[in-house]
Amino acid sequence: MMWPPSLVEPVFRPPSEARSLILQLTLGCSWNRCTYCAMYRSKDFSVRPVEEVLQEVRGAAQGMPRVRRVFLADGDALAAPFDGLARVLGEIKEKLPDVQRVGIYGDSRSILKLGTERLSRLRALGLGIIYFGPETGDETTLKAVVKGATVERQLEAAWAVRQAGIKLSMMALLGLAGVEGSERHARATGRFIAAAQPTYAAALTVTPVPGTEMHDAFESGAFELPDQWGMLSELQWMLEEMEGYRGPFHANHASNYLPLKLRLPKDRESAIELIRETLESRDESRLRPEWRRGL
0 MMWPPSLVEP VFRPPSEARS LILQLTLGCS WNRCTYCAMY RSKDFSVRPV
50 EEVLQEVRGA AQGMPRVRRV FLADGDALAA PFDGLARVLG EIKEKLPDVQ
100 RVGIYGDSRS ILKLGTERLS RLRALGLGII YFGPETGDET TLKAVVKGAT
150 VERQLEAAWA VRQAGIKLSM MALLGLAGVE GSERHARATG RFIAAAQPTY
200 AAALTVTPVP GTEMHDAFES GAFELPDQWG MLSELQWMLE EMEGYRGPFH
250 ANHASNYLPL KLRLPKDRES AIELIRETLE SRDESRLRPE WRRGL
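The sequence shown begins at 0 in numbering that gives the first Met the number 0 and counts up one residue at a time.
If you are wondering where the hints come from, they were derived from the structure by calculation, not from laboratory data.
Treat the numbers as computed from the prediction; the structure is a model and nothing was measured.
Note that beta-carbon positions come from the ideal geometry of N, C-alpha and C, so glycine has one too.
Do not rely on the hints blindly, as some may be mistaken.
[Unchecked claim] With a Cα cut of at most 25 Å, we get these calculated DMTMM-like pairs of lysine to aspartate or glutamate:
1) 260 <-> 182
2) 92 <-> 16
3) 94 <-> 82
4) 166 <-> 93
5) 112 <-> 138
6) 265 <-> 279
[As the list claims (entries may be wrong)] Now the in silico label distances, taken between C-beta atoms and shown as ranges:
7) 284 <-> 6: 40 to 50 Å
8) 220 <-> 40: 30 to 40 Å
9) 215 <-> 94: 40 to 50 Å
10) 0 <-> 262: 41 to 51 Å
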């Protein structure tokens with residue numbers, strides 16, 4: 000029995016998992032090549048011994064017996080072998096009966112490798128939500144940022160999760176295509192979200208992070224990031240293309256200039272109008288100041 004859990008820094012989790020018990024099933028990211036992401040650059044991807052994770056679950060039964068949510072880290076822990084993941088979920092279900100939901104990061108490769116049938120089995124064991132970051136619905140942008148997947152494969156992955164009965168939280172990145180591909184990226188991403196129909200959708204604003212290829216290109220002038228008004232335009236274009244999406248859409252992350260928390264389709268037109276008015280007025284008092292923005 001191990002308590003508290005052994006965590007290898009850095010550790011990341013979605014904002015909605017702030018109160019969750021975090022267990023590292025894997026270390027690092029199974030892909031780790033996206034040009035904009037530095038989260039796991041300091042780690043080589045590996046799968047932790049299942050017995051160690053099981054011991055941590057048993058320790059949690061003594062140290063946090065009433066915990067209601069568990070998050071399985073690191074990046075794309077869904078890439079762990081199916082049998083080991085199933086054993087960990089089964090142990091959580093048995094030893095931590097108050098847990099209402101287990102969450103995990105997943106990318107299109109891992110999701111499609113599992114398939115709907117195995118995903119359904121994981122759902123039966125307690126896997127309740129997969130956090131999925133396609134970032135864009137534009138083919139050109141996917142290639143430019145070395146995402147390692149096509150739009151079609153990303154969409155297939157989203158559908159597989161929903162068909163398995165697992166909640167899907169999807170993230171897009173404003174500014175990912177730079178100034179040159181701005182409108183193309185934003186509109187394609189809006190259409191992608193509408194086609195995927197995730198349980199939750201969110202838009203964050205890309206920030207060039209030191210140690211990434213995007214940051215190098217930004218510093219050299221090879222990559223031009225849209226300014227705050229350009230980012231707002233992207234958000235407007237995205238919403239204009241999301242006519243068919245039904246569900247929560249949040250653009251209130253600390254990285255965003257104009258925090259929005261919407262329920263679509265109900266709030267779509269009013270949000271578009273608010274953005275349009277803000278763009279026309281160029282009223283910076285409506286925007287989150289730079290000193291309050293963050294990753």
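Next item on the list: If any of the earlier hints don't hold here, list their numbers in rising order.
Entry: 8
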